[in-house]
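Participant: Spelled out from the first residue to the last, the chains are:
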Amino acid sequence: MNWLLDLTPDEWNAVRLSIKVATVAMLASLPPGILIALLLARGQFWGKTLLNGLVHLPLILPPVVTGYLLLLTFGRRGPAGAFLAEHFGIVFSFRWTGAALACGIMGFPLMVRAIRLSIEAVDRKMEAAAGTLGANPLWVFATITLPLILPGLIAGAILAFAKAMGEFGATITFVSNIPNETQTLPSAIYTFTQVPGGDEGALRLTLISIVISMAALVASEVLARRVGRRMDIE
Amino acid sequence: MSVVVDIGHRLGDFGIDACFESAGRLTALFGPSGSGKTTLINMIAGLIRPDKGRIAIDGRVLVDTAASIFVPKHRRRIGMVFQDARLFPHMSVASNLRYGRWFTPTAERYADFNAVVDLLGIGPLLERRPAKLSGGEKQRVAIGRALLASPKLLLMDEPLASLDDARKAEILPYIERLRDETKIPIVYVSHSVSEVARLASDVVVLAQGKVAASGPTGAIMQRLDLLPAEERGEGGAVLDTAVLRHDEAFGMTVLGSAAGEIRVPLLAIPAGAPVRIRIRARDVMIATELPTGLSALNILPGTIVAIEPGEGPAVEVGIDCNGATILARITEQSRQALKLRLGRKVFAVVKTVSFDRANTGAGLPVEADG
Numbered sequence: 001m002n003w004l005l006d007l008t009p010d011e012w013n014a015v016r017l018s019i020k021v022a023t024v025a026m027l028a029s030l031p032p033g034i035l036i037a038l039l040l041a042r043g044q045f046w047g048k049t050l051l052n053g054l055v056h057l058p059l060i061l062p063p064v065v066t067g068y069l070l071l072l073t074f075g076r077r078g079p080a081g082a083f084l085a086e087h088f089g090i091v092f093s094f095r096w097t098g099a100a101l102a103c104g105i106m107g108f109p110l111m112v113r114a115i116r117l118s119i120e121a122v123d124r125k126m127e128a129a130a131g132t133l134g135a136n137p138l139w140v141f142a143t144i145t146l147p148l149i150l151p152g153l154i155a156g157a158i159l160a161f162a163k164a165m166g167e168f169g170a171t172i173t174f175v176s177n178i179p180n181e182t183q184t185l186p187s188a189i190y191t192f193t194q195v196p197g198g199d200e201g202a203l204r205l206t207l208i209s210i211v212i213s214m215a216a217l218v219a220s221e222v223l224a225r226r227v228g229r230r231m232d233i234e
Numbered sequence: 235m236s237v238v239v240d241i242g243h244r245l246g247d248f249g250i251d252a253c254f255e256s257a258g259r260l261t262a263l264f265g266p267s268g269s270g271k272t273t274l275i276n277m278i279a280g281l282i283r284p285d286k287g288r289i290a291i292d293g294r295v296l297v298d299t300a301a302s303i304f305v306p307k308h309r310r311r312i313g314m315v316f317q318d319a320r321l322f323p324h325m326s327v328a329s330n331l332r333y334g335r336w337f338t339p340t341a342e343r344y345a346d347f348n349a350v351v352d353l354l355g356i357g358p359l360l361e362r363r364p365a366k367l368s369g370g371e372k373q374r375v376a377i378g379r380a381l382l383a384s385p386k387l388l389l390m391d392e393p394l395a396s397l398d399d400a401r402k403a404e405i406l407p408y409i410e411r412l413r414d415e416t417k418i419p420i421v422y423v424s425h426s427v428s429e430v431a432r433l434a435s436d437v438v439v440l441a442q443g444k445v446a447a448s449g450p451t452g453a454i455m456q457r458l459d460l461l462p463a464e465e466r467g468e469g470g471a472v473l474d475t476a477v478l479r480h481d482e483a484f485g486m487t488v489l490g491s492a493a494g495e496i497r498v499p500l501l502a503i504p505a506g507a508p509v510r511i512r513i514r515a516r517d518v519m520i521a522t523e524l525p526t527g528l529s530a531l532n533i534l535p536g537t538i539v540a541i542e543p544g545e546g547p548a549v550e551v552g553i554d555c556n557g558a559t560i561l562a563r564i565t566e567q568s569r570q571a572l573k574l575r576l577g578r579k580v581f582a583v584v585k586t587v588s589f590d591r592a593n594t595g596a597g598l599p600v601e602a603d604g
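Residue numbers (the numbering used here), protein chains in the order written: chain P, 1 to 234; chain B, 235 to 604.
None of these hints come from the bench; they were simulated from the model.
Counterexamples of contact, computed for chain B against chain P with all Cβ distances above 10 Å:
#	residue
1	Asp285
2	Tyr408
3	Ala507
As a list, the in silico EDC-like pairs of lysine to aspartate or glutamate whose alpha-carbon atoms are at most 20 Å apart:
#	chain 1	residue 1	chain 2	residue 2
4	B	Lys585	B	Glu523
5	P	Lys125	B	Asp318
6	B	Lys366	P	Asp123
By construction, the Cβ of each residue, glycine as well, lies at the ideal position given by its N, Cα and C atoms.
Given only the sequences and the hints, what does the whole structure look like? Please build it.
Facilitator: Structure, rendered in structure tokens:
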């Protein structure tokens with residue numbers, strides 16, 4: 001048991017960084033995720049199929065391709081990257097923020113799917129009833145729609161978090177594998193497997209990775225059940 | 235208080251072209267399913283935007299397509315009770331009830347929480363979740379929720395249609411209290427003659443998207459031709475009466491009406507209380523002389539004022555009994571045999587036991603029967 005917790009500082013950093021990157025990726029993709037899911041579930045507009053395809057692109061493209069596309073757009077010389085760096089001081093390339101962006105994008109389709117399904121399951125008659133009681137559309141969303149889709153929201157967020165914990169291809173292509181900056185758990189495990197005698201370290205990080213993912217899954221189950229019980233939907 | 239509706243709307247093959255005006259306490263939109271009444275009430279609530287026309291409540295224009303006016307539903311201050319209750323599943327009954335209050339300007343909040351809870355008898359339910367309520371309880375909470383938003387008008391869309399008879403009997407008295415004890419005008423959608431006769435002060439009859447007739451309940455209920463075919467047997471005279479006394483020994487209540495004393499099965503309400511009764515045309519017999527040796531207890535003298543052809547072998551005879559018109563459905567054969575014609579003095583005969591819960595609605599239920 002001791003050898004499992006006896007991590008080197010670099011390994012600890014990889015664990016901490018992974019959790020930070022995955023948490024930021026999950027939280028930052030929630031608002032756009034809800035918005036896009038709403039658009040796809042309820043919007044009637046030209047180009048809906050195109051938007052749907054775009055959202056799902058990271059799911060079907062090889063992760064390396066997504067990472068390379070990110071490098072082209074959000075790299076220092078890329079159009080979006082240069083603009084953000086110049087006007088907002090936000091730099092993605094070879095930073096942990098870039099890892100979070102890559103992880104967020106890779107988990108985005110999973111999150112949008114889960115939220116979209118739960119929005120489609122909402123009884124719109126409830127929203128109409130809230131409207132007749134004086135609630136404007138924003139209040140209806142905040143007090144009726146949002147609470148009713150909470151289980152789907154939790155599921156989508158946990159999926160995105162788990163995906164971010166395991167993201168490797170797009171991250172390493174976009175922001176490389178820099179210890180203490182962009183070296184997440186999968187990158188660190190990969191590094192261990194590339195050096196002689198790295199087996200023990202790889203196994204340690206693998207076990208830790210399993211524990212974190214399982215903990216996230218169990219937490220989401222408990223949370224979803226508690227929300228479900230509150231609504232008597234069991 | 236007045237409701238003015240004049241709209242035209244198309245829904246696929248179905249068109250609605252309705253114009254009516256009502257200032258009643260409880261206006262029933264009455265008609266068979268598919269006659270457009272739910273569409274119409276949804277337009278008043280703001281859930282459907284009519285193609286063209288105008289809707290105004292108390293002079294306040296809510297829709298006027300000519301002037302491009304369309305007030306969104308959340309600014310109309312119109313309460314709505316849906317057939318399926320639509321309570322918010324993620325809130326307790328108390329939170330459901332308080333929901334509309336948030337959005338009502340303080341100066342316009344007239345509904346008192348405790349008064350409404352008492353009126354509807356939902357005090358014991360406050361901490362519960364909607365999923366744990368019976369159908370009748372849900373509907374009472376839904377009525378309370380609409381009332382507590384302090385609406386200027388209350389719309390009810392077949393609030394009893396999805397309930398069984400026992401649950402209906404449980405809720406009807408509360409709607410009567412609502413009509414009599416609050417100041418909010420009500421528009422009530424229904425396809426049931428017994429509900430309309432019992433509750434409505436005014437009726438708008440809809441058929442195939444058009445207004446077939448409108449007027450006070452008593453006058454409309456006399457016109458059996460307006461009733462949907464499957465409900466025609468329920469049609470008849472609607473009389474406003476008052477309890478004169480109870481005859482406990484025989485289990486009867488004696489009602490006083492313009493037409494004279496009417497005996498009905500015992501009602502659980504005090505003497506002096508108003509009761510609206512409906513005498514089905516098919517339950518009324520006609521005698522040309524004061525009958526003797528007859529078991530029926532209600533024998534009301536009057537004069538024939540109308541004879542209309544009815545369905546099949548039937549004719550419908552209107553008898554004016556001292557100002558109250560009672561409708562009788564008899565066969566054409568009987569009419570000829572008795573030589574009934576306008577102006578003839580006759581007796582309308584009604585059995586006491588032909589009255590039941592459905593046509594002597596009044597008061598709160600005191601016994602826990604079905």
